[in-house]
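Read top to bottom, the protein sequences are chains L and C.
For the first sequence, our numbering assigns the number 2 to the initial residue and increments by one for each residue that follows.
For the second sequence, our numbering assigns the number 3 to the initial residue and increments by one for each residue that follows.
Treat the hints with care, since some could be wrong.
In silico DSS-like links for lysine-lysine, alpha-carbon gap of 27 Å or less [unchecked claim]:
1) K75/C with K193/L
2) K151/L with K175/L
3) K175/L with K88/C
4) K88/C with K99/C
5) K242/L with K88/C
6) K175/L with K99/C
7) K69/L with K47/L
8) K88/C with K193/L
9) K72/L with K176/L
10) K72/L with K150/L
11) K176/L with K150/L
12) K88/C with K176/L
Here are the computed distance ranges between Cβ atoms for each label pair [stated by the list, open to error]:
13) N95/C with N225/L: 38 to 44 Å
14) M217/L with E41/C: 45 to 51 Å
15) E177/L with S42/C: 22 to 28 Å
Since the hints were made in silico from the structure, they are not lab data.
Where is the CB? At the ideal position from N, CA and C, for every residue including glycine.
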Amino acid sequence: MFEQTGTIDLSDESFLYPTTLLPLLILIERIGAENVIMPHNQDVAKYIRVVTRQDSIQEPKTYIPFTKLPKEHDEMEPILQRIRELGRDVEIIGYNLDAFILIVNEMVENIYEHSEFNMAYMCAQRYPTLAILDLCFADDGITIPGSFKKCGFRYDENEHYKAIHDALMGLSSKKESGRGTGLRSTGQIVQKGFNGEMFIASGFGAVYIAGGTHRMPFILSYDNRFDGTLISIRVPLRPQKINIYEFV
Amino acid sequence: MRWGTGCVMLAVYRIRVVDVLSPDLVLRANARRLVGLAESRPEDEIVLDFTGVETIGRSFAHEYVVRRDASSKRIREENLPENIRKMLEIVRNPPSKESWLPPIDDAAVLTL
Chain L
2 MFEQTGTIDL
12 SDESFLYPTT
22 LLPLLILIER
32 IGAENVIMPH
42 NQDVAKYIRV
52 VTRQDSIQEP
62 KTYIPFTKLP
72 KEHDEMEPIL
82 QRIRELGRDV
92 EIIGYNLDAF
102 ILIVNEMVEN
112 IYEHSEFNMA
122 YMCAQRYPTL
132 AILDLCFADD
142 GITIPGSFKK
152 CGFRYDENEH
162 YKAIHDALMG
172 LSSKKESGRG
182 TGLRSTGQIV
192 QKGFNGEMFI
202 ASGFGAVYIA
212 GGTHRMPFIL
222 SYDNRFDGTL
232 ISIRVPLRPQ
242 KINIYEFV
Chain C
3 MRWGTGCVML
13 AVYRIRVVDV
23 LSPDLVLRAN
33 ARRLVGLAES
43 RPEDEIVLDF
53 TGVETIGRSF
63 AHEYVVRRDA
73 SSKRIREENL
83 PENIRKMLEI
93 VRNPPSKESW
103 LPPIDDAAVL
113 TL
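Taking the hints into account, I'd like the entire structure generated from these sequences.
Next up, the structure:
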């Protein structure tokens, strides 16, 4: 519908997870809020308004709001501080602060090092009744296959899922040894450490991993492509300490 | 330098890492900044004091070790918390990249 009208109609939406919300908010920022029909559901409409205002954290904190990554690398401190604050209220983060700082570090590092983004965002949301925590990153950059292409690894559009899979396995666009570990170690921490789920969409491909060894690749059609990279992580809210050094 | 007539002490400069960065060591750019700060000092030996550092990203650790080892200064660490020491050790001697996901079966690829 958006392609035809230039309007995003959210009127029937009754629930939005970060995986949907983050790309949506990127699009809203690009086209302007005046072109969005907000949800009839007042709770959802309020949620969208709240998470897009970074100065409106309510107690208890259950989320890191829709946070735009600064263009400069060294302005990460407010984001890290927010994770620490969230760790005081969300047990799984409190127990595993090192794991969450590492995941955020690696994901943000990848965005800075590889994506050539104009806009990049992250957010987190805890769902106490569902006992899950969602952590989501999105950028509008050159995509994972696009980054590989720049150093000679070529993937056709219908092979973009292979590029994502290869990145998860440790392939790097940097020649230097010791690189290619960010997505790989994050995937292992999420899937094996937390027994969680991870969904990566980039260009015309996507990969979903979950539950120990489950992995599902997708070819995305033109309408479903992602012009950039979206990484969505979901971990169960179990207060267990994981050993990140098994996975890095 | 001649023994008995006095000796020239090599100058050592200390940097408290948490003061110039943060308790969370993240991003390669910050590792470059830290080593760059050490290299900008006139002293021959720089001690990085990690007191108060709580977490470290793998990418930060990797960049730090690469830059430190290539530096013309003698840079050494003191008061390394156990988790930071572990991460630096891992990036110095990285484990082999074992295959942790099965190969893709092209027939199992779904189109959306």
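Next item on the list: Given the hint that K88/C pairs with K176/L, test it: the Cα-Cα distance must not exceed 27 Å.
Entry: Status holds; Cα separation ~25 Å.
Checklist line | 27 Å limit on alpha-carbon distance, applied to hinted pair K175/L and K88/C | finding: The hint holds at about 24 Å.
Check: Do the alpha carbons of K72/L and K150/L lie within 27 Å of each other, as the hint requires?
Finding: Given pair K72/L, K150/L holds - Cα atoms ~23 Å apart, limit 27 Å.
Margin query: Quick check: does the Cβ-Cβ distance between N95/C and N225/L fall within 38 to 44 Å?
Written below: holds, 42 Å
Notebook entry, point to check: Between K72/L and K176/L, does the CA-CA distance stay at or below 27 Å?
Noted result: Measuring from Cα to Cα gives roughly 24 Å; hence the hint holds.
Notebook entry, point to check: Is it true that the CA of K88/C sits at most 27 Å from the CA of K193/L?
Noted result: Satisfied, since the Cα-Cα distance of roughly 20 Å is no more than 27 Å.
Item checked: Restraint status (C-alpha distance of K176/L to K150/L at most 27 Å) -> holds, 13 Å
Next item on the list: For the pair we were handed, K242/L and K88/C, check the Cα-Cα distance against 27 Å.
Entry: holds, 17 Å
Check: When you check the alpha-carbon spacing of K75/C and K193/L, does it fall within 27 Å?
Finding: It is violated: about 40 Å lies between the C-alpha atoms, which goes past 27 Å.
Next item on the list: Check the following: the C-beta atoms of E177/L and S42/C are separated by a distance inside 22 to 28 Å.
Entry: holds, 24 Å
Checklist line | 27 Å Cα cutoff - pair K151/L, K175/L | finding: holds, 10 Å
Note to self: Holds or violated: the 45 to 51 Å window for the beta-carbon distance between M217/L and E41/C?
What the structure shows: At roughly 47 Å between Cβ atoms, E41/C and M217/L fall inside 45 to 51 Å, so the hint holds.
Hint 1 alone, counting from the list given before, is not met by this structure.
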